[in-house]
Amino acid sequence: MNEQLIALADDELVIGWRDSEWTGVAPLLEEDVAFSSIAQNEIGHARAVYELLSDDADALALDRAVDEYRCAPLVELRLLVWAHAIARRWLYEVADEIRIAALKGDADPAIAGLAAKIDREEAYHRMHAEMWRERLADTPQFRAAVAELWPYALGILPVEQREALASRVGLDVVEAVERGTHTDELADLLEEMTSVRRSAPAGAQW
Amino acid sequence: MIFEVFRQDRRGAAFEHAGSVVAPDAEFAEAWTREQYGRRGESVALWLVPRDAVHVVDDWTDEFDLKYRRVDGYSIKARLKEARERAADRTR
Amino acid sequence: MSAVEVPRSEQAFLEYVQAGGQVEATDRLPDEYRAKLVKFIEMHGNSELMGVLPEREWILRAPTLQRKLALTAKVQDEVGHAQLIYRVVEDLGKPRERCLEDLVSGKAKFHNVFHYPTKTWGDVGVIAWLVDAAAIISQKALLKCSYAPYARIMKKICWEESFHILHGRDVILAMVTGTAEQFELVQEALGRWWGPLMQFHGNPIPREDDPMFQWRIKSQGNEEARQQFLEGYVPQIRELGLEVPDPKLRRRDDGTWEYSEPDWDELRTVVTGHGPRTADRLAFRARFLEQERWVRDLVLAA
Chain A
9 MNEQLIALAD DELVIGWRDS EWTGVAPLLE EDVAFSSIAQ NEIGHARAVY
59 ELLSDDADAL ALDRAVDEYR CAPLVELRLL VWAHAIARRW LYEVADEIRI
109 AALKGDADPA IAGLAAKIDR EEAYHRMHAE MWRERLADTP QFRAAVAELW
159 PYALGILPVE QREALASRVG LDVVEAVERG THTDELADLL EEMTSVRRSA
209 PAGAQW
Chain B
139 MIFEVFRQDR RGAAFEHAGS VVAPDAEFAE AWTREQYGRR GESVALWLVP
189 RDAVHVVDDW TDEFDLKYRR VDGYSIKARL KEARERAADR TR
Chain C
642 MSAVEVPRSE QAFLEYVQAG GQVEATDRLP DEYRAKLVKF IEMHGNSELM
692 GVLPEREWIL RAPTLQRKLA LTAKVQDEVG HAQLIYRVVE DLGKPRERCL
742 EDLVSGKAKF HNVFHYPTKT WGDVGVIAWL VDAAAIISQK ALLKCSYAPY
792 ARIMKKICWE ESFHILHGRD VILAMVTGTA EQFELVQEAL GRWWGPLMQF
842 HGNPIPREDD PMFQWRIKSQ GNEEARQQFL EGYVPQIREL GLEVPDPKLR
892 RRDDGTWEYS EPDWDELRTV VTGHGPRTAD RLAFRARFLE QERWVRDLVL
942 AA
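Protein chains in written order, with this note's numbering: chain A, 9 to 214; chain B, 139 to 230; chain C, 642 to 943.
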């Protein structure tokens with residue numbers, strides 16, 4: 009299976025699942041709505057990629073063991089603090105743009121086409137993230153969040169793409185929290201997100 | 139700032155007032171109204187207008203009943219009936 | 642003919658709205674009317690917002706990607722409704738921030754059904770299908786509200802609620818055609834929600850005695866709404882082989898539904914802030930309101 013694609017899909021799935029948790033408790037009602045749409049888009053992207061890789065997107069998304077997921081630790085963190093949630097969104101979107109741009113040139117037209125489609129929706133996410141970054145940039149809360157999450161953000165991209173990310177966000181490349189290891193928070197999330205699904209025999213309809 | 143929101147259902151349709159949003163600037167207002175009024179594809183365009191920029195006119199007088207400028211200023215029914223009858227008489 | 646003038650005296654205003662007249666935010670409104678409007682519309686906004694929390698718990702547990710997306714979108718709609726509704730309240734003079742303070746401090750009320758726990762995925766289906774069905778009956782009647790800005794947003798709200806009912810019914814259909822355990826989850830959830838659903842539209846006071854009806858904020862009586870709910874949904878529930886847990890429930894020949902007296906003491910207890918999940922849901926909402934206050938201050942200071 010295409011490692012790069014499954015990593016992309018797992019990242020989108022898990023960050024979407026994480027961001028959906030803001031529905032109902034964001035600092036402004038307008039942002040509950042905005043964050044929720046972004047979360048839905050990310051999960052939609054994940055689903056489209058899983059469908060490219062398998063006949064059963066749900067099974068691929070939800071029925072694997074923890075160590076079979078290829079998502080980066082950045083997306084796994086449970087960040088129910090706004091400054092952190094925005095810092096992650098911003099860093100993730102910049103990294104994602106670099107990765108998607110590379111995929112748009114993929115030799116497989118199905119992959120290149122899907123990447124282009126995803127990119128068009130991500131443009132709105134980038135606008136949203138940038139708007140918030142500008143607003144929070146000077147606050148100590150946001151600066152601390154960026155500093156804390158930066159090594160994680162680098163882990164989204166392969167080594168050769170990290171310089172581009174660093175220069176776009178104006179930070180230096182440091183030692184990354186690499187993809188391939190998982191935080192404990194992923195296990196907790198998967199436990200919860202599959203609890204209903206596991207309550208009926210495999211193949212049951214919901 | 140309060141922005142009044144007008145939305146257009148489909149190309150060619152009139153923009154209709156849809157509500158309002160409180161936002162710090164037009165950029166936030168755009169992000170938030172895109173979501174509130176467009177996430178199901180129900181709008182093809184939005185107008186965001188600062189409430190302060192709306193000049194309201196809502197007082198009208200018509201003290202001397204100048205209804206010749208309106209449809210209800212013309213009651214042609216009776217006259218039309220008479221005209222038809224006379225026409226019929228003439229051809230008889 | 643010139644534009645209709647909104648009458649200035651309270652009595653004439655009352656007659657004007659009772660004859661179907663509508664008013665705008667910029668019209669001169671009697672104090673009593675304004676106060677009733679704020680109370681009614683604010684409670685609606687509170688209910689949309691608090692209605693998010695029982696379902697929010699299940700956003701993380703939706704069993705398929707499709708259900709995850711649909712449930713997230715539904716809950717998102719509810720917050721969107723709260724946004725629209727609080728905006729109307731704000732234009733009547735009460736800022737959203739104060740509505741939220743009164744909500745989390747327990748001073749303001751919200752609908753009875755949002756004070757209860759959601760125990761299984763069956764509850765998610767029953768809420769989206771039947772709680773939203775009960776709500777849409779009230780909301781459709783508000784399309785004729787004498788306060789026009791509120792009536793206008795109700796169009797969008799009703800449109801979105803109709804998706805929720807579809808989503809809820811689809812969840813229920815998948816489960817009643819699934820395993821025996823899944824069917825049982827639905828039956829059991831229906832059993833738990835039936836009482837609160839029958840209380841939802843309020844006690845059957847004659848509509849002429851209801852101040853919200855006198856001012857034509859509401860345009861239907863409580864019992865009228867409940868009858869409409871029973872007429873529309875009991876047959877739909879029964880055709881799925883589900884049992885409505887009320888032995889007295891029956892449709893008379895004249896089309897009126899008879900039912901066991903709902904527990905009005907429970908309704909009173911619950912909506913005055915003593916429901917099974919009232920305290921912890923308010924505390925949960927208050928925690929985030931407090932935690933992110935600085936963000937609101939920073940953004941809205943502009």
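It is worth saying that the hints were derived from the structure and are not from the lab. Because the structure is a prediction, the values reported are computed rather than measured. Some clues are possibly wrong.
As the list claims (entries may be wrong) - With beta-carbon atoms standing in for the labels, derived distance ranges:
(1) A/E142 / C/E673: 40 to 50 Å
(2) C/Q932 / A/T189: 25 to 35 Å
(3) A/G211 / B/G179: 52 to 62 Å
Glycine included, C-beta positions come from ideal geometry on N, C-alpha and C.
Evaluation of the provided hints:
1. A/E142 / C/E673: 40 to 50 Å: 46 Å, holds
2. C/Q932 / A/T189: 25 to 35 Å: 30 Å, holds
3. A/G211 / B/G179: 52 to 62 Å: 34 Å, violated
The structure fails to meet hint 3 from the earlier list, while all remaining hints are met.
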